[in-house]
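If you read the sequences in order, they're chains P and Z.
Per the numbering used here: the first sequence = residues 1 to 509.
Per the numbering used here: the second sequence = residues 1001 to 1364.
Among the clues, some could well be false.
Stretch by stretch, here's where chain Z covers chain P in the computed footprint (C-beta under 8 Å, at least three residues) [claimed, not checked]: (1) 463-473; (2) 481-487.
Here are the simulated SDA-like pairs of lysine to any residue, each with C-alpha atoms no more than 20 Å apart in a straight line [unchecked claim]: (3) P:K498 x Z:D1034; (4) P:K272 x P:R259; (5) P:K476 x Z:S1040; (6) Z:K1296 x Z:R1345.
FRET-style restraints, in silico, Cβ to Cβ [to be verified]: (7) P:R501 x Z:K1098: 39 to 49 Å; (8) Z:T1115 x P:E458: 18 to 28 Å; (9) P:M406 x Z:V1057: 57 to 67 Å; (10) P:E458 x Z:L1178: 47 to 57 Å; (11) Z:T1115 x P:A430: 56 to 66 Å; (12) Z:D1104 x P:E458: 56 to 66 Å; (13) P:R457 x Z:R1058: 39 to 49 Å; (14) P:R457 x Z:T1115: 21 to 31 Å.
Bear in mind the hints are in silico, worked out from the structure with no lab data behind them.
Even for Gly, the Cβ is constructed at its ideal location relative to N, Cα and C.
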Amino acid sequence: MAQITFEEISASDFFYRNRDIAGFTSPSRAVFAAVRELVENSLDAAESLKIPPDIYVRLSYEGEASKEAQIFRLRVEDNGIGVPPRHIPSAFGQVLFGSKYKLKQQRGTFGLGGKMAILYGQITTHQPATISSSNGMSRIYAYKLMIDIQKNRPLILDRKVLMNREQWRGTIVEFCLEGDYFRAMPKILEYFKQTAVMNPYANLTFVDPKGRLYKFTRITKEMPEPPKETRPHPYGVDVELLQRLIQLTPCKNMLDFLRHHFHRVGETTASKFLEFSNISPSRNPKKLSHDEVVRLMHMLKKFKEFLPPDASCLSPLGEDLLRAGIMKELKPEFVAVHQRRPATYAGHPFIIEAGIAYGGEIPKQGRFVVYRFANRIPLLYDEASDISVKVIDSMNWRRYKILPDMPIAILVHVCSTKVPYKTVGKEFIADRPEVRKEVGNGLREVARQLQHFLTRREHVDRERRRLGVFSKYLPKIAQFSTELAGKEQPPDIEKLLKSVRKFGAEEET
Amino acid sequence: LEQRKKHKSSVIERKKEVLSGLENLGVKIYDQLDRGYFPSVEMPSRSIENIHYDPQVRQFILGDRKVRRSARNIRHLKPFTQLTWAAEFSHELSSQRKTSTLRDVYYSAQAYEMTFKDQQESNNIVTDLETVLGFSREDFNIFPEERSAVFGDLTIEYTVPGYEGKTLNLTSHPDGVLIGPALTSSEFVKTTADKVIAIEKGGLFTRFIEENVHKKYNALLVLTAGQAPRATRHFVRRLNGELNLPVYVFTDGDPWGMHIAMVIISGSANAAHLRELNTPDAKWSGVWATDIVNYKLPTDPLDEVDMKRLNELQRDPRYKDPLWQREIKTFMKIRKKAEQEAFSRYGLTYIVDEYLPAKLEETK
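Pulled out of the complex, with its shape left as it was, chain P reads as follows (with noise of 0.2 Å):
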């Protein structure tokens, strides 16, 4: 009989065997995707403090690996809140360690990202990161790590606590990665376009390993409101997530049960559910059996009365600051901009903010130029399977007289406290109706505007086209027929010139 082995892996075992799905998939993606996770992580860690992100990112060029990859430094440097210094060795060398585990809307929402990319590069350079990071106050602790990744632990090789003279506060995170900047360059640069685009009260400064430099300064320090914590709502609760808070809660009673732990439940709510659901007020929560929180489970999904949730707990752009933000990297000569009311899918609440550029410095290239982001993330890949794109591919543009060999840039963010993202890659955005219906929405209105605009500034064109013909012609007519007629003088046409400027011609029929 043969013999078989069960062996329990870590996360990060489990990552390291599988990093496809993180999108580390090859040496440009790795680059890419390290690139985005750290400076994703160093915006969410200024925007806590509610503070215009400053972040300096460097990547520099340490030797070849192989044909494919060279060997690069990264280093992400932010003026966030800063990692309290008990958590730094967790927080940068264990897998699933985080604090996103929560229900609001975040750029990262694994807790993977950042590790992940520390983990891709000790995997390819065998070399510890390195991590410093102040919350402002007298001192800096810098790390040197590794993750045990059999043990999902921290080794730290190096500790250090460093006077803050200058009050510095912030991350610097730093480490050797393999990767291929040549093939990645472009997404890069795109990544760094559009995530100046999503956040105009961001400095952001990239300097590449050939030691060129890409700036993107803030125009504004105006920043969204952050997003409130919140609970979770009926509607979107499976049998795991009920478990745990059966195991948490401090209730005695499936009254106080409902009405403490679940989003826009207040007593009279709970009293109908439970007489809807045939559940008995006083039941102790902590006596339900497997098949009862089951029953529970698709009882809360079908009551219909539960309040829809609201959205302090989305943080999306904003209208302000979405114009302002393609206005200043897109450069084009009309923009407009809609954010939807909240929506939900699943019981997950969702906003959707939709953006339409024309004109101006937006290329020409027969079909619309498409920008996607989901919680002001920007989505750079697996374009053709993103909802947006399918919405953007079904619409009757004509009807809004707007032709694909149009200058047009689309822009459209979702934000959610859980994107439907199809893939852990986070590329893009699975088909879901209400979404969809959302998207689809967001856009006829931009293209409304659009079409306001464009017959408006057809209008103006015709004017003075018409205009330009009467000045161009009239004079010619009175010169010739003075001529013909034998007068000295021209006739006076001005008074037929100002006619046309001021009540306009009659239009042949």
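Using the hints provided, position chain Z relative to the given structure of chain P.
Chain Z alone, transformed into the frame defined by chain P:
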């Protein structure tokens, strides 16, 4: 001498009318502008629905429908300006007694930043000017490329600058004399001819001169060179009207030749806005379809295009006369056509010695 006087006054009279017509147009436009109105002109519509055959004058005329070109309308503005320019250009030509061509008009406009899109656009504007004023472009000294000619005992006196008072006998050059601006603006002094024979083709025209047809039959010979240009049609009309000479037209024996004769007699739809281009009393003397049969001429078959053309002509009001109807029917029946040169099967002089006198007699 009496005739000469009469004719001289008519040429000068007509020149005066043309000049004052152009000037009045200028005054009208000038006054409208000066009073603060958008200038406009009205003219008969040249659309197909407004072209009617008038049995009285025996030609196509324009009906009552009018079109208005107004500078108020942005789409009319450019053509209106072009029309005013064309009037001024024509006035300059006429008063300086210079001539030009339609091609000249097209290029001259460019000097005034009035570029025409193409020759057609410029031709249309000239036709507009003809319609507004009721004069043909030759009256404005705008001539097409010339190719038709005249030969015979007619003495003319030039009126063109540098030749005033000089005379020419139209037998002086054996190739004939080009019917150009100088000839059409000349006066008729004297002639011994008692008829006009118009011929479609240059080869036969030369043969007739060589065979002394002008002497033998006391005729002026006119080469139409295919469809006769308007200047030639007007010239033939003057020969008929001013010198009282009957006109006989000889063409190929096919629907196209037949129509060359008809346009000389009854004018064309394209020139419905103009008068005095037709010669209603002119006769088509051959080659008829019945001649093809009677003279047993060598033939070619009529093709589909020919047959289609015959069908059109059969319904054309200008062709309602029994002779024309008979010939159309005969063509349709025999389904054959013959060129004038076909008579050469009976010897080169047969057409002059036998056919011509017979037909002149027949169509007298």
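**Q.** Hints breached by this structure
**A.** 12 and 13
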